[in-house]
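Asker: We have chain A already, so just place chains B, C and D on it with the hints.
There are 4 protein chains.
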Amino acid sequence: MGIGQREDLLHAFDRVRRRSLEIAAPLSSEDCCAQSMPDASPVKWHLAHTTWFFETFILEAYEPGFAPFHPAFRVLFNSYYNGIGAKHPRPQRGLLTRPALDEVRAYRQDVDGRVARLLAAGAGLEVARLLELGLQHEQQHQELMLTDLKHLLAQNPLYPAYSPQEMEAGMAPEPTAWIEYDGGLAEIGYGGSGFCFCFDNELPRHRTYVAPFELASRLVTNGEYLEFIRAGGYRDPSLWLAEGWDRVCSGDILHPLYWIASDDDGAWNEFTLHGVQALDPARPVTHVSLYEADAYARWRGARLPTEAEWEFAARQASLAGGALHPEAAEGDGLLQMFGACWQWTSSSYAPYPGYAPAAGAIGEYNGKFMVNQYVLRGSSCATPDGHARASYRNFFPAGARWQFTGIRLAR
Amino acid sequence: MGIGQREDLLHAFDRVRRRSLEIAAPLSSEDCCAQSMPDASPVKWHLAHTTWFFETFILEAYEPGFAPFHPAFRVLFNSYYNGIGAKHPRPQRGLLTRPALDEVRAYRQDVDGRVARLLAAGAGLEVARLLELGLQHEQQHQELMLTDLKHLLAQNPLYPAYSPQEMEAGMAPEPTAWIEYDGGLAEIGYGGSGFCFCFDNELPRHRTYVAPFELASRLVTNGEYLEFIRAGGYRDPSLWLAEGWDRVCSGDILHPLYWIASDDDGAWNEFTLHGVQALDPARPVTHVSLYEADAYARWRGARLPTEAEWEFAARQASLAGGALHPEAAEGDGLLQMFGACWQWTSSSYAPYPGYAPAAGAIGEYNGKFMVNQYVLRGSSCATPDGHARASYRNFFPAGARWQFTGIRLAR
Amino acid sequence: MGIGQREDLLHAFDRVRRRSLEIAAPLSSEDCCAQSMPDASPVKWHLAHTTWFFETFILEAYEPGFAPFHPAFRVLFNSYYNGIGAKHPRPQRGLLTRPALDEVRAYRQDVDGRVARLLAAGAGLEVARLLELGLQHEQQHQELMLTDLKHLLAQNPLYPAYSPQEMEAGMAPEPTAWIEYDGGLAEIGYGGSGFCFCFDNELPRHRTYVAPFELASRLVTNGEYLEFIRAGGYRDPSLWLAEGWDRVCSGDILHPLYWIASDDDGAWNEFTLHGVQALDPARPVTHVSLYEADAYARWRGARLPTEAEWEFAARQASLAGGALHPEAAEGDGLLQMFGACWQWTSSSYAPYPGYAPAAGAIGEYNGKFMVNQYVLRGSSCATPDGHARASYRNFFPAGARWQFTGIRLAR
Amino acid sequence: MGIGQREDLLHAFDRVRRRSLEIAAPLSSEDCCAQSMPDASPVKWHLAHTTWFFETFILEAYEPGFAPFHPAFRVLFNSYYNGIGAKHPRPQRGLLTRPALDEVRAYRQDVDGRVARLLAAGAGLEVARLLELGLQHEQQHQELMLTDLKHLLAQNPLYPAYSPQEMEAGMAPEPTAWIEYDGGLAEIGYGGSGFCFCFDNELPRHRTYVAPFELASRLVTNGEYLEFIRAGGYRDPSLWLAEGWDRVCSGDILHPLYWIASDDDGAWNEFTLHGVQALDPARPVTHVSLYEADAYARWRGARLPTEAEWEFAARQASLAGGALHPEAAEGDGLLQMFGACWQWTSSSYAPYPGYAPAAGAIGEYNGKFMVNQYVLRGSSCATPDGHARASYRNFFPAGARWQFTGIRLAR
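Note that the protein sequences, when read in sequence, are chains A, B, C and D. Be aware that the first sequence starts at 15, since it is given in our numbering, and climbs by one per residue. Be aware that the second sequence starts at 15, since it is given in our numbering, and climbs by one per residue. Be aware that the third sequence starts at 15, since it is given in our numbering, and climbs by one per residue. Be aware that the fourth sequence starts at 15, since it is given in our numbering, and climbs by one per residue.
Okay, chain A solo, but in the shape it has when bound:
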């Protein structure tokens, strides 16, 4: 169900907008300004860009007598919408020490007030749809705020914690069970009614043939992944896609991102948003690339699921989540489909049969990225509450590791 249908639109707007500020609250203005790689953006930029989205797609179109909060922001905080015009170069987002964090907060407040007034004046269906999209968009950026920030803090030899806290070791989960599915001719894609929300890339719902398959009952754990490492998994080219092996040979990929080998006893630590922690064998392995997920699966005599298989199985799974690091699996049945780690599939990100993006700049949201990316399914510990669903299609390049990505096996 869409955010705006579950509650009064204005309440939803207020709740989601406040959440972004809560995420930034423990951070200094310095923390919010820096950019650790072109793929990641500063927290301040996220705060401004999500505001830009409402200003550009709602206020500019529907507010009587619209005037921009600041004329330069249209360019500064445009991410990739060519239909809107010029963009500030992505790798230089971290150089924007001005506007200051406080000015961005004022920007948010101004736009929030104007949107509220617009809604109070009785906005129509189109505004409601755009508002819903803007909130979903902001929730996506809320997850990125945490993962981008994690990447930044990890570059600092002091390894500062976003939320200092000692993590407790999880209970050893049950061994993986293989859950069988009959498959057959299945309907895939979002099937909710018009009052609910989905992104355009989940449409149209369409028929796909799914051969019988089995899915692992839970995600691969750190402990299981360590067996792969200790068995020489990162030294055996026969396990790897050629592109992945090139990255292993060039030293880009040596172990999951954020793992830190202790010099003394060879024990592994892991940098988390709670700071450096001893690697917990019970928790799911995370921050792996598709290359690593694929190599691990091959080593286990298994494979990654397709996105159709995953969605076929996910219809019965329960939603969960809301933490700063994935938790260990508990219980039995099909576990951790949501709320722990995004799960790499073997499916490249492609349009569903009959897919058509929206008209205008807003149509640049999804469709133009449908090449050389791979679909991840589920959700992660950092996905905002209420943002996940079985038909959701997340996507990243095969080498991306700074998201909370994990591995679920299929065969």
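Among the hints, erroneous ones may be present.
The list treats identical chains as one, so a pair stands whether inside a single copy or across any two.
Said to hold, decoys possible - Restricting the straight-line Cα-Cα distance to at most 20 Å, the calculated cross-link-like pairs of lysine to any residue (SDA-like) are: (1) K382 - G127; (2) K382 - A414; (3) K101 - P174; (4) K101 - E378; (5) K101 - L172; (6) K101 - R128; (7) K382 - G247; (8) K101 - G265; (9) K101 - R249; (10) K382 - N92; (11) K101 - G374; (12) K382 - C212; (13) K382 - S264; (14) K101 - R112; (15) K382 - E238.
Source of the hints: derived by calculation from the structure; they are not laboratory data. Keep in mind that this is a model prediction, so the values were computed, not measured.
Answerer: Only chains B, C and D this time, still in chain A's reference frame:
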């Protein structure tokens, strides 16, 4: 049917091996030595590597008292088989002025003689299978010899012709017709018997649901593509995948590769293996990337076919080919499925359900490349006779343009 | 005369250390954290590194019971002293959002107090010498704080001013006069007594033969440089060193850094620490590379001076300076030798005959950079008061433009 | 004395032109076509470019009814003369498989004949001067043909020899003696009469003050350099210029270029134009960068000479040379000033006081390279007979190693 089943094995071996030398015959030893980009290899290297394939996978395994022709060749002419050991760095293939072209010819003769003796002594089924694979492999390299050479010659401001000849303008083809297909639950993948040949990536044959679709009766022509250019197709970001637009903006992609704008009257020429020719509006556009094919299709309100759609339709198509540049379409019905240009599909190169590569180094042939590449279907004017079939899966990165790639629309 | 000899050592220490904080005072913590290119460092990093210098070379060596303020700072704020150990990678200085600016201020306060106590306890000559070196070192970084910050602010499309203020157009200066010097066998290098300060690269004073020469009475102005631009200076390869021309062709060098062409009327603006200002034809051109200085000189039928010529002439020049942008020349005689722009010489940065760096890590200060850099003489508007002298040798790569570099002609 | 004054101009022309072909004679057309790095050119390109020089600067200007041999050659074989027009991109010289080597030979023959006819018809002084320059230019390229070819062959794992032959170990040379020079006010630069030849960068002869100095009697040997390596010279940053140390750390510089460590016993071999040879401790170390020469000198408590010191001492040295690898020193006195290795000096390549290049495109010969290069003095084993003199200024970037560069110490 496999090459080795259609004729006596030894005859096939002799015929295919001779053909490689014929392709090289018009070239100087200098032409055969140079490498114009890391993706392309020198003709001499192709001649040696295809020989290395027979020496390594057949003679080394089956010849009694095997000794290598030259111990260093095992490394020099290994393309990418980690299971065999070290490889000479790919970007440095053009620096191998030694062995000389004549030594490589002697290498071919030596290995050919030894393979012939092995066959004469009565080789078993396994040798026959490897020989068939080696011949198919050599045919793939025969096409690459021509496309790699074309790329090299195109770097030379003298624009030398491989085969000097004035090309005749084709007759204007019939307008594109849309051929309808019902689709349904279809069997996709190679379906021949064990006596015939296919690559492992065409297996297993499996069921797929194909929604009803229409396919264009012929390839997009130069004339039609010029309309796209003149309508500003290369200046409108809304038509392009984001990655493709980045390449347009950086100046990498401005028009099909090998097109040359005449300064005087704005008329286009095209560099071909027959030298520079006036661009023929009747012939199919070729040397385009997936990005361009996709943008063109979007501009026409159409899309690229999936590989399943293509294969579904191709079952009835007739084979053709054997030229140094694609010919204009003639006649009606479903034309140019084979023998003109490889046709970009929207399908990323992925394993079929249940796919398993062969054991050992020979298993590195296909599977490890199944990421970040896109499937091309059909065959081109440069594909050797007898090498094409409906289930054949060619694959290249989305930006590759130096193959004879073309566009067939679907909707 | 050394800083520490002109006034009580402790007063000097207090004065110089306070000055660094004054420079940072108008800036937000965000402004102080960002790094706009590998060559430039964040202001916060400068504040910490200059403190590290005193902590490492004085406290660590001379403070009884020394314990570091923070063990990680030894690595974090080491610039390039291999003798001290590991260094944080230079291009990643901008990612150090921690320690926060306030923590760095606390670091300064702590070290300042401990140095003061050490001095109060009666430090010997060696400590006094290191303290003097540390203060001179900090003054160098004070200039870099301004130039690095200017580079950062210039990347921001908002063009924020460090010190907002409208600059007044200067009076047109007198035409350049050529001042004649007889030359002869001259003593070059620092000639002060042991109580005064110079860097090791100004020693030993040595004999050099200087042929008769003429020096321009003042620096080249923006107005004169505009004539060069308008005459096609940036389009004529015959004026340029080959390396410089390559940079022109690649688009790296199109006009002095920070010049901004107005779209409307072709008028030039200039980004300064006072914000964007109309280009003042009376002020000296600044932020030019050696390539541009050399090309301009060639176009005028002149050349750049050697460092020996410059120093020969500078003996009588008066010191000046202390502004955020170079002022126009006023008066006659030899003007602007100090306090406006550093002046490119044609002399590569090389050791004087008999040069020997200090022993130990402190010896890495100058000597190891004596290759592929060029000497600049004089001082700039941003050079701290009391830091300049006739024998001072500043040095940067030929392409560096973010310092206040200018052009004085010779012939 | 100029080549053309020592003998009849036509004889000189014939002799030098023939020598280039002799150097190429043992090579295949493949060997002559490949380019192993942008800094090096194919032998065929050298053969053509030296011919282009005569065609462009003599025939085009002085031959009645001049028509080019081939219109495209003006661009293809222009090295860097912007005054002439466009140039084929330097890194792509190895892709010019056409014109074939035989066509380039025909080009040489044609131009040679036309130049000879021009001379026979009685050319004036200007033609004689240009011819002399063209011959000196060709001699420079003769040395490059050997060093560029050596670099190419060294990339080939087969290590082919240009001139296969076992090198005999040299007799251990006398220990280095330090030869004292008084220095004083000296005349530096070419001092010959107008009938003799020098490059413009050797002019004008001018006065320089040279402090008293000592020069090593011979070059540093492989044996001595091995002591440096074994003492950890490549692991001690305190010995290195910062730029050099960066290259050591990045793995670019680990030992002299072309040295090959034997796996078995740690013994060193050296790739030479005679093939791989055991490293001869008696011969001079060669193929070192300025960084290595400087670090070695520092380790020995010495330094590199300035070019003025070198020239001051070289006035009495005897010319020698003519081999494919430097020979060991024999005898006593000042040895190996010429004919073994080019000797790095600490002097950056800069114009002499009053230097003025020739007018027009020919003036691009030397002057525009006078930045970020260092002067080498003497000559090498590969320098053509009659090409060396005491005032000769060779120059390369500090990191260049593919020339026959060596080390002479000073102090």
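Asker: So, against the hints stated earlier in the document, which numbers end up violated here?
Answerer: Those not satisfied are hints 1, 6 and 15.
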